[in-house]
Amino acid sequence: EPEVTQTPSHQVTQMGQEVILRCVPISNHLYFYWYRQILGQKVEFLVSFYNNEISEKSEIFDDQFSVERPDGSNFTLKIRSTKLEDSAMYFCASSDGRAAEQYFGPGTRLTVT
Amino acid sequence: GEDVEQSLFLSVREGDSSVINCTYTDSSSTYLYWYKQEPGAGLQLLTYIFSNMDMKQDQRLTVLLNKKDKHLSLRIADTQTGDSAIYFCAETTLNSGNTPLVFGKGTRLSVIA
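So the protein sequences, as listed, match chains L and E.
First residue of the first sequence? That's 1 in my numbering, and the numbers climb one at a time after it.
First residue of the second sequence? That's 1 in my numbering, and the numbers climb one at a time after it.
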């Protein structure tokens, strides 16, 4: 069964450093998303992406964040200058848009020290 | 904004039924979802229901929707120890293929053998 994959599973970085989180969505899907879950909190929407551009973003997704689809398979989230409060589990999701189903990857745990 | 609320904990004995409840505020919610998160894993889509339905059954899972009260429940029949996980309720107003999901905080289900 096709699945969303994410790398790395765990990333530790120092405050102020740039990180890139990688995702490979399901191959025939056209819509891509990033969500995050701070420990003990709700899963929160960050951004959605379709047709090589951002469709919607939340207020969390400020200028420190960017997304890119650098090739036909990867979807990346970049945090330019990480802060302690960026520590969270980051989930990538994809959907084909025709149905209501969003499929999530296993997540990348980002720890900012 | 939209809000989704769930009780945080539920403990049941193996073999009993579990009922996990959720309330939401957005009256224009189109789809309502249940996701399962096992320890260290991502979000697994269990089932979802369209807002014009009252009930959906899928093997041991039964979803009930009371649209008037904005109440969603997930019943797991014959609960097994492998059902121990966090269950997230989520909703969306699916206007296009890329509408974000709004999640609750999750209900931690503990199954006692």
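Hints were generated in silico from the structure; no laboratory data involved.
Treat the hints with caution; some may be incorrect.
[Said to hold, decoys possible] Think about it this way: if two alpha-carbon atoms lie no more than 20 Å apart in a straight line, the pair counts; the simulated EDC-like pairs of lysine to aspartate or glutamate are:
| # | chain 1 | residue 1 | chain 2 | residue 2 |
| --- | --- | --- | --- | --- |
| 1 | L | LYS42 | E | ASP54 |
| 2 | E | LYS105 | E | ASP3 |
| 3 | L | LYS57 | E | GLU14 |
[Claimed, not checked] The following label-pair restraints were derived from C-beta to C-beta distances:
| # | chain 1 | residue 1 | chain 2 | residue 2 | range |
| --- | --- | --- | --- | --- | --- |
| 4 | E | ASP16 | L | GLU53 | 23 to 31 Å |
| 5 | E | ALA113 | L | GLU18 | 44 to 52 Å |
| 6 | E | GLU5 | L | LYS83 | 23 to 31 Å |
| 7 | E | ASP54 | L | THR113 | 28 to 36 Å |
| 8 | E | HIS71 | L | GLU101 | 18 to 26 Å |
| 9 | L | HIS10 | E | GLU5 | 24 to 32 Å |
| 10 | E | ASP16 | L | ASN51 | 24 to 32 Å |
Values in this document were obtained by computation on a predicted structure and should not be read as measured data.
Where is the CB? At the ideal position from N, CA and C, for every residue including glycine.
Enumerated hints in conflict with the structure, sorted upward: Hint check: 1, 3, 4, 7 and 10 fail, others pass.
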